[in-house]
Amino acid sequence: MRFIPEAPYSQYVDPFIGTGGSGFGYASCFPGPQVPYGMIRPGPDTGMGRGAAGFNHFSGYFYGDDFVHAFSLTRLQGAGIVDYGAPALVFADGFDLEKTAREGQQSRIAGQSASPGHYAARLVDPRIDVEITASARTALFRLDPDEGVAPTVIVDLGHSLPDVDILDGFVEVEPDARELRGWVHLSGGYSSRRGGIVVSFVVRASEPFVAHGLFDGDQAIDDDATSASGPDVGAYFEMAPGTRPVIAAAISFVDVEGARKNLDAEADDLDFDRVLAEARELWEAHLQRIRVEGGTERDARIFYSALYRVLLMPTLLEDVDGRYRGLDHEVHVAEDFEYLSDLSLWDTFRTLHPLLDLVYPEHQRNVLRSLVAMAQDGGYVPRWPIGPNYTGGMVGDPAAIVFAESWAKGLRDFDLRTAYDALRLTALEAPPQGAPFRGREGIEEYVTLGYVPVETAGGSVSRTLEYAYADFALARMAEALGEDEDAALFAERAENYVNVFDPEVGFFVGRRADGSFEALETETGWRPFYTEGNAHQYLFYAPHDLPGLAELLGGPETTLARLEALFERSTRDTMTPLLPGLYYWHGNEPDLHYAFVFSALGDHERSVRWSRWARERHYGDGPSGLPGNDDGGTMSAWLVFASLGFFPIAGTDEYLLGAPVFERAEIALEGGTLTVECPDPEAPRYTVSLSGEPLAAPSFTHDRIAAGGILRFDAER
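Residues 415 to 1131 in my numbering are what the sequence shown lists, from first letter to last.
Careful, some of the hints might be misleading.
[What the hints assert, rightly or not] Pairs of lysine to aspartate or glutamate residues, derived as EDC-like cross-links and limited to a Cα-Cα distance of at most 16 angstroms, are as follows: (1) 675 / 561; (2) 675 / 593; (3) 513 / 593; (4) 513 / 545; (5) 675 / 735; (6) 513 / 646.
[Claimed, not checked] Restraint-style ranges between C-beta atoms, simulated for each label pair: (7) 703 / 750: 44 to 52 angstroms; (8) 703 / 1110: 26 to 34 angstroms; (9) 625 / 942: 35 to 43 angstroms; (10) 968 / 1110: 41 to 49 angstroms; (11) 420 / 644: 19 to 27 angstroms; (12) 1110 / 525: 27 to 35 angstroms; (13) 969 / 480: 54 to 62 angstroms; (14) 656 / 698: 49 to 57 angstroms; (15) 625 / 425: 26 to 34 angstroms; (16) 418 / 936: 46 to 54 angstroms; (17) 750 / 541: 45 to 53 angstroms.
Hint data in this document are derived by calculation from the structure and do not stem from the laboratory.
Glycine included, every Cβ here is placed at the ideal spot set by N, Cα and C.
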């Protein structure tokens, strides 16, 4: 029977999808509540027994764990690295310093549930039911203890996620105001590259304290003390048995006063039900921008859960008064936008930002203006900013692709000149010694040789391919600004991908400064000149010039045959997602566009087949329902596009055709409604029309749908 999802669409979202998985199939998602692109991400930090391995706790949570160690307020979503995880709250029945120091007050979970804006769990010891909801900057916890339990809140500044260090902290108790406040200085996998991150907090209770105190590690601090400092300090307050307290916890990346203002503005009344209702209303407004019909209820669950995850990261860094801490570590004020960070751009430029351009342009404008502000504050456009820090994570210059695509699709209310000038700087020369950002590593050699040699930097092939792609985007930006000489220069450099193609072996291969190629040795193993991939996963990596790539590989027919063979071999690859795929690897980013390369070369039928196979093979509706790290919504955005039947070529205004999952989808765009119709979503081949006009090729440009229209897939018989 034809399934038609009905409002509220949040009923089809399962936040536990992607919270499990094994090996490279761990998606690094978490089930805690937040609002779209919120600052605060409260949720359980879990483990087995006394510990947790960093590899499957990047978000602090793993579905298979039995214990909660704490409920931290910050984390990354879907990332492949551990960071944040502080400050954290622990709930107990009275305060036991020995237990806190020895075990961190860990509690077994007896049951848990999650939906957009809400998380609930039963803690066996201390016999407390915990509910959590959130606004943009404030988390609310509602505690329902069993009879006789004295609900106690411990703010343990020594708590951290695996592989995250606490460098320092400060906490102050004000019992008359029913408050704890302070800050914690953490240092994680990425934030450690520039001194860590300071998170300020204010915690406020709805019930009076009947006891309170401070501690430092396993030592109690004098009863007369009102504050404590150090990397292992903490504070607690106990409330009377029989109370059902609400605890509000707000954070700021600026200062404690910012955290207080955030709490006062968003949850001063400590009204859990109001904040929950507002969070649910906000989620519903976002989810209903795409309404689907047909398919199965499982299809709807997978789709709307993916759409939900798309809206979890980046992270709001701006307080309610507009202040934020910039990449120069100074305090600035955002006057006409919301300042965002935690931008996993090497991943998200491929799918997430194209989806924001299309469906959530108000959020994409915040991204664009935030990146411009980062260039103004720190001097450089970042590649992977975390909090107020440059990290230099991953390779390439993906922000250029993000800017160029948004401009091409009509999102132009940002300072293109400032963005371009900053990107041009690092595209021509390396930043000076001591600069906070490393820019394009190997750029001097890339400029003179046309490629990054293996002697210069690891991942040299990947860097060369990414730099060429970014140069294509810079050429588009330069053209828009009337910089004709620059446009010609960067357009020529956009073809530099050919310089690392070894015709003897038919793959992109590391090249030495003298022009000779490295021995490939293995097509399926990782080599030092690739970043997170192998020869097959970078073979078709010139998304900005797929016709030119096809000629390089011997022509369209040869290219299509090699691509088909790669997918056929992938169907027999039984080790994914536990291990990286040997051929097509959907658990990582470089080959995510592969299924749509067929359409780029005129073969829609095989894009239908292989995009459908990738979706069915790599996505599900359980904890292991993602093929790898979600990387800030990248994998989820791929699923959204693939389910709608078209896919973006990042950095351009072009979409390539695949096959819809649903018989009908209505997408609310800024300029109108795009309706996708597909009466037979299981057909092997289609004739496609756009607003009644047959498409001459299996692609279309953004301007043809910006004001809405009907994209129709009719099965060929």
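Hint check:
| no. | hint | verdict |
| --- | --- | --- |
| 1 | 675 / 561 | 35 angstroms, violated |
| 2 | 675 / 593 | 14 angstroms, holds |
| 3 | 513 / 593 | 23 angstroms, violated |
| 4 | 513 / 545 | 24 angstroms, violated |
| 5 | 675 / 735 | 8 angstroms, holds |
| 6 | 513 / 646 | 15 angstroms, holds |
| 7 | 703 / 750: 44 to 52 angstroms | 23 angstroms, violated |
| 8 | 703 / 1110: 26 to 34 angstroms | 30 angstroms, holds |
| 9 | 625 / 942: 35 to 43 angstroms | 58 angstroms, violated |
| 10 | 968 / 1110: 41 to 49 angstroms | 25 angstroms, violated |
| 11 | 420 / 644: 19 to 27 angstroms | 54 angstroms, violated |
| 12 | 1110 / 525: 27 to 35 angstroms | 56 angstroms, violated |
| 13 | 969 / 480: 54 to 62 angstroms | 57 angstroms, holds |
| 14 | 656 / 698: 49 to 57 angstroms | 36 angstroms, violated |
| 15 | 625 / 425: 26 to 34 angstroms | 42 angstroms, violated |
| 16 | 418 / 936: 46 to 54 angstroms | 50 angstroms, holds |
| 17 | 750 / 541: 45 to 53 angstroms | 49 angstroms, holds |
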